[in-house]
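Number of protein chains: 2
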Amino acid sequence: MSATILDGKALAQKTEQELSRRVAQLKEVSRERTPILATILVGDDPASATYVKMKGNACRRIGMDSLQVELPSSTTTEELLAKIHELNENPDVHGILLQHPVPHQIDERACFDAIALEKDVDGVTCLGFGRMAMGEEAYGCATPKGIMRLLEAYDVELEGKHAVVVGRSPILGKPMAMMLLNANATVTICHSRTQNLPEIIKGADVIVGAVGKPEFIRADWIKDGAVVVDAGYHPGGIGDIELGPLMDRASAVTPVPGGVGPMTINTLIYQSVDSGERKLGKG
Amino acid sequence: MSATILDGKALAQKTEQELSRRVAQLKEVSRERTPILATILVGDDPASATYVKMKGNACRRIGMDSLQVELPSSTTTEELLAKIHELNENPDVHGILLQHPVPHQIDERACFDAIALEKDVDGVTCLGFGRMAMGEEAYGCATPKGIMRLLEAYDVELEGKHAVVVGRSPILGKPMAMMLLNANATVTICHSRTQNLPEIIKGADVIVGAVGKPEFIRADWIKDGAVVVDAGYHPGGIGDIELGPLMDRASAVTPVPGGVGPMTINTLIYQSVDSGERKLGKG
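Top to bottom, those sequences are chains U and A.
In terms of UniProt numbering, the first sequence has 128 at position 128, counting the first letter as 1, and numbering is strictly consecutive.
In terms of UniProt numbering, the second sequence has 102 at position 102, counting the first letter as 1, and numbering is strictly consecutive.
Chain U on its own, in the form it takes in the complex (with noise of 0.2 Å):
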């Protein structure tokens, strides 16, 4: 048996069609008016802005604007919360999105708590994380809520399944434990500590890989039909999890490249796109 593909190329692409008639139809009703995502990237690593590229190239494609703020590497805490509070009253601006890392020298932290919770559309709040570990209104982190999305398009059941979190970063480990607990998943949350990984990961229904280790989570430590979601990404288009063996024996895989990668994109726009359709109106 064949594990199903979870193919988070085609449903962001699929996304992208409908979030480009959403735009459309927004346009209409707001004087040709758009979503505007704000990106900010600090300093010049070139994965970051790589990575920032391809956010405001994601916007282009559905016909969303974005504003690209580039800070210098010296920038200081002050001069990007300052930056962050002007995007926050700027009324043209839906969503920020501060790209991570920020250089040493900056409160990271601090930076993300202050994007208002409305513009949050990359979900890296605490506030926006606690709201919705509690079951409130707001926008999930991009990477696990991809995730979550990508499982519901397949129709993956969650209800009652033992969901194993390999992670607990803020920005994947803990939000996707929440989500998947509010899906009613029992769920499990391993990290560098944990002792026995491969016995805790052989009761996973559904094993989510997000360690930042080329294949860390070995193919045996799997049980056969599991469902198997690889958040990690490596050169050479290797994930976190040893993908092979398991394309026979799971029961469904996110492959590496093309499974969560482009779902965390698509659930920046997707979400900058209900926000600037909250503020510019539905038509």
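Wrong hints could be hidden among the right ones.
[To be verified] Quick partial rundown of chain A residues pointing at chain U, CB under 8 Å, derived from the structure: (1) R131; (2) A133; (3) E136; (4) V187; (5) K213; (6) R218.
[Stated by the list, open to error] Calculated from the model, a selection of chain A residues having no Cβ within reach of chain U, i.e. all distances over 10 Å: (7) A82; (8) K161; (9) T186; (10) W221; (11) M247; (12) G281.
Hints listed in this document are in silico derivations from the structure and should not be mistaken for laboratory results.
The structure displayed is predicted, hence computed values, not measured ones.
Built from N, CA and C at the ideal position, the CB exists for glycine as well.
Starting from the known structure of chain U, arrange chain A on it as the hints suggest.
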């Protein structure tokens, strides 16, 4: 081998002595001012009235003042929000406790979340939860934070241990899971939709019962040597866990009553004193 009794009553009493000294010291340096906890009771539920009274008594025992606000059961969300805003603005109030539950017509979540972060000494806001979960400074939710304080007082090792939390309520299961995770435990969150609950509990080094059903968690589901924390309380002094048979073979047990219960109120006043010190100065 007899289980260590995690004696919350004794720890609470010992902590009250320390808190009394801190309050007395604060009075000295602040012209006889003390930390003040505002308690809000809405309606005439006798159990809630008793809890609020117990909290007021605990304040008095350590020399703190409490400001008791009582509102009729017909109170609207807007009226309660107005009262909370007033207490937020009142510089003499250092902590705010809104007694749960409030009457049905009130949006309890909105009212909880209206409490200013620095006065959220009961740890009920979404923002406080999110900050705690992300490792930022925030008062912990009183019951799970009380449990963490109890485990710490008895040097219970959590790092790398498998902790299973049964229950996922906003003020118990969810914050408990995040606190245990931040203490480097591997954490599993179970709930009413969990399948194979006995089997999952069998793997627990630390088990926290927070389901609200008398002795729902059976002793024979729990392995020898586990640390057993019972956050339930039912008439007749029964908890959520069948504790009797565990007294011989668990490594540690919170008794019911006298385990978790006293730590909840103790944590509330502990955090109120902390808030008072921050405002009135530590001398």
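Of all the hints given earlier, name the ones this structure violates by number, lowest first. Of the numbered hints, 5, 6, 8 and 9 do not hold.
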